[in-house]
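Asker: Each chain, written out:
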Amino acid sequence: MKNHSNFYTGILAIILLTFASCQKVIDLKLNSVTGKLVIEGNVTNVNELQVVKLSQNVPFTNTNVYPPVSGATVTINDQAGNTWHLVEGPAGSYTTTTSFAGVAGVTYSLTVLTGNQTYTASSTMPALVTLDSLSSSSSQYSDKKNTRQVSVYFKDPAGVPNQYRFVMYVNGVQVRDVFTFNDEFSDGKNVNDVLNETDIDIYAGDAVKVEMQCVDEAIYTYWTTLKDMGTDSGGAVAPSNPPSNLTNGAYGYFSAHTTQNKTFTVK
Amino acid sequence: MPVLSLYAQKHYSISGTLKDAATGETLIGATVRIKELPQYGAASNSYGFYSLTATEGDYQVECTYIGYQTTITQVSLHKDQTLNISLQPKNDLKEVVIYSNKPNNDQVSSPQMGVEKLNMAQINSVPVVLGEKDILKTVTLLPGVKAAGEGNTGFYVRGGTSDQNLILLDEATVYNASHLLGFFSTFNSDAIKDVTIFKGGMPAEYGGRLSSVLDIKMNDGNSKDYTVQGGIGLISSRLKVEGPIFDDKGSFMISTRRTNFDAFLKTSSDSTLKGSTLYFYDLNAKANYHFDDKNVIYLSGYFGKDVLGLKNTFGTNWGNTTGTIRFNHIFSSKLFSNTALIYSNYSYAIEDLAIDNNFTATSKIEDVNFKEDFQYSMNEKHTIKFGLNILHHNILPGEISAPQNSSFNDLAVEKREGFEDAAYVSDEWKATNKFTLVYGLRISDFMLLGPGTFKTYDAAGDVLTAVPYGAGSLVKNYFNLEPRLSASFLLDDENSIKASYNRNTQNIHLLTNSTGSTPADVYVMSSNNIKPEIADQLSTGWFKNFSDNIYEFSAEVYYKLLQNQIDYKDGAQLVANPDVESLLTYGSGRAYGVELFLKKKYGRFNGWVGYTLSRTEDKFAAINEDKYFPATQDRTHDLSVVGIYKLTKRWTLSSTFIYSSGNAVSFPTGKYNIGGLTTFSYSERNGYREPANNRLDIGATLEGKEHKKYHSSWTFGIYNVYGHWDPYAITFQDNKNVPNTTETQLTSIFPRPIPSVTWNFKF
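Chains Z and L are the protein sequences, given in the same order.
Here numbering that gives the first Met the number 0 is used: the first residue of the first sequence is 0, the next is one more, and so on.
Here numbering that gives the first Met the number 0 is used: the first residue of the second sequence is 0, the next is one more, and so on.
It should be emphasised that the hints constitute simulated quantities derived from the structure, not laboratory data.
A portion of the hints provided could be inaccurate.
What the hints assert, rightly or not - Only part of the chain L face toward chain Z is listed, based on derived beta-carbon distances under 10 Å:
1) 417
2) 666
3) 682
4) 690
5) 693
6) 732
7) 752
Claimed, not checked - No more than 20 Å apart at the CA atoms, straight line, and that leaves these computed lysine to aspartate or glutamate pairs for EDC-like:
8) L/363 x L/350
9) L/568 x L/625
10) Z/226 x Z/216
11) Z/23 x L/733
12) Z/188 x L/355
13) L/599 x L/105
14) Z/35 x L/683
15) L/735 x Z/26
16) Z/188 x L/398
17) Z/23 x L/689
18) Z/35 x L/689
19) L/568 x Z/216
Said to hold, decoys possible - Derived Cβ-Cβ restraints for the label pairs, each shown as a range:
20) Z/26 x L/535: 39 to 45 Å
21) Z/26 x L/461: 43 to 49 Å
22) L/578 x Z/76: 31 to 37 Å
The beta carbon of each residue, even a glycine, is placed where N, CA and C say it ideally should be.
Please model the complete structure; the sequences and the hints are all you need to start from.
Answerer: Spelled out as structure tokens, the structure:
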């Protein structure tokens, strides 16, 4: 169950609290294997300029500033033979010259040519599932008083596999956690999924925005792998690069997904 | 022919049972020897039975056992005869132990290598975290056995993973040996008589796991007197009752333990702690009945449960249940048999209690095992063991039940059934006075049976075939021959060289993508996709005793090759997944190392130093370009020092020190931004080491003043005396104080000295 990992995080939290475990910041000597291409490409169901961003990874000890990759040739195709040539705006950010909305069931392909190397990926846009509402309740695992947690409500369509990714913002700041859900155990149900996070304490009165994406299976695995690695319980899976749908070892992903937002004030 | 000339004379045998004179407990592994023919010794088996054969004559039969006074019995051997011997315990709490007789040189002369037997008295003296004495934690202080880490009862033997250890409690498999997610083990040492671990040179009677056998035997129960003993510690309270039954023809023992610290949770001001449930309990019970000298029946059982939960949020519980019925029959002074029917069950349940999200997930593995073992002490030169084993597995991988309004559907993953059958024979052949050879063969056969739909998958994890099978029909059969060989050559009374080779196979595999001990164990059997794991181990060693056998030293070298090892694809969701086998990848492994062990078993000061230098590597096609990489359980250095000192009649001091290289782990070699989140990049599997573990623990036991009716003692301990931060987890994250930078965080469970106190009583 997707909730298992939350359980053990919860149980561990109790045990660690009981035994009063401690954390401290340490210095480790880490090697650097950097300068590798990172591609983040999205096609959404919203009629807009679609964006592909190219950058590089940097050493762990650097600040979180990532060099853009300029001068690449970036194109998106669909299976009907449409081709969009993307042009570079701000350095490393490539956008289509015309707006278009991705269509459910259509497979989109991305081709990036840079540094004499071609990178490709394809992704099929799933059908839209409506995000019904958001709600808040008392936080389950937090050790702070009066903190709240946010749940999403939606009706999963029966008979088809569905995968979801959520992005949450509290007072305009993105929560640094990955949220995914699939219907392996919930096919056709009214789903109430708690977006468990420990990054930002949420209190009554906070403005929370949640973006819900319906993603394809490969992209679900990509985000879920990232999520599992982020779980700060001891002895998690040996971390590795999440399985990307891009060829030639580029980091990142290319995702055709639906997107919708809901905003509410936490009570 | 020497064999013929041997039989020109008349030969007779002496056999019997060895017991503790004070409690009537049978003694396992005690040595019986004819003083005049010292090369022909025998050790008592798991039921205290021994058998010796010699030519007609008058002899002195000597029986020795650690912690007991040596006894010598005059025997006129002119016919087969029974000689039951009771030994007086020497390690009387009121006396300072000073050894008068020269101890035997078993460790040098026995052909067995790669084996360690733990002394229960030592286990009780070794300081442990929060005063909860623990067999598994003590086992990890032996060379070649490494602790998986704090908060984990898992252990790694000679490079094997935790699930490659066979843990037996009165012959029943214990699948999950941890309480409280691994902080404590399921074994209540009050109830335990004998702990033996086989790391190599595996005897043919054991099989089914690659790395080790941890063979734990419960106390039979005092057959002389009724006693009650118990204790109160920080973590748990214990109580044991034992005594004779059926007019002294039998005895019983009941030992139980429950946590008491959860009472403190209720008083906590922290709302999370206050609303949480956290406890475990366990019960060991055993009884035996002697029909006569030749027929004994034993009943034993274990039941344990852990319950954890958070009010209105979730609950989880898990536990093992085992039951064993055994019947010992002595056919003759040369032939002993044990027939056993064994039940073993491990199950867990997880409940989500949140409104609109509630469900219960359950899983279970259940074994029924029939075993028949014979021990035939043929003559002076040959002791033959043979037997068979029919083991039925029933696995319910996962079942989810949820009410209508829940976010979750009901789900039941098909159950799986299989048989592990084995037959074995081995002969311990004392070829000459100096050379002993144990050669044997274990034949193992695994059958995966219907009903159910059985799938095969391609490398990408997509279904290739899905074939339905009816109940009881054979899906897959794996047949394996496992040769077992060990030899010893005695250089002189104090020195020997030993060597062994053994092949082991394993058909039941624990899937886990976490190194912690979570209760959500997923077991799978060998199948169309999963082949039996195979290990071949070669080891050799030099064994030396000195100062009249008071000191024992050994140096063992091993090399192990592993086939059909299992790893997981990225993002593998293992729990309640009907297609879990599609998420597995297969590879190989190798492990090699040197183990040095210096032990002082006797005297006011006793203890040991163990050091292991080793390497354990895995090789998987999809990882690190199919090159060997350090396995998670690889530890280059592993050092344990254990010292116990009897200061006065009442005070005993003890101390342990451990140092071990950190786990092999993957650390990031870069970072990038994806989806607005700092994301780390990795360039190789397990290319880094966590910081080394090291820790000093001290303990002291104060025996109460002598009293006719009762006895009491206090145990004090300090765990992690100098407050070292042993790594539990190392995480990489955005630095919350300095924007746009990242930091490395170390989590340690007990990074400061933890004192403990326990009060024990007996009357």
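Asker: Flag every earlier hint the structure violates by its number, smallest first.
Answerer: 1, 5, 7 and 18
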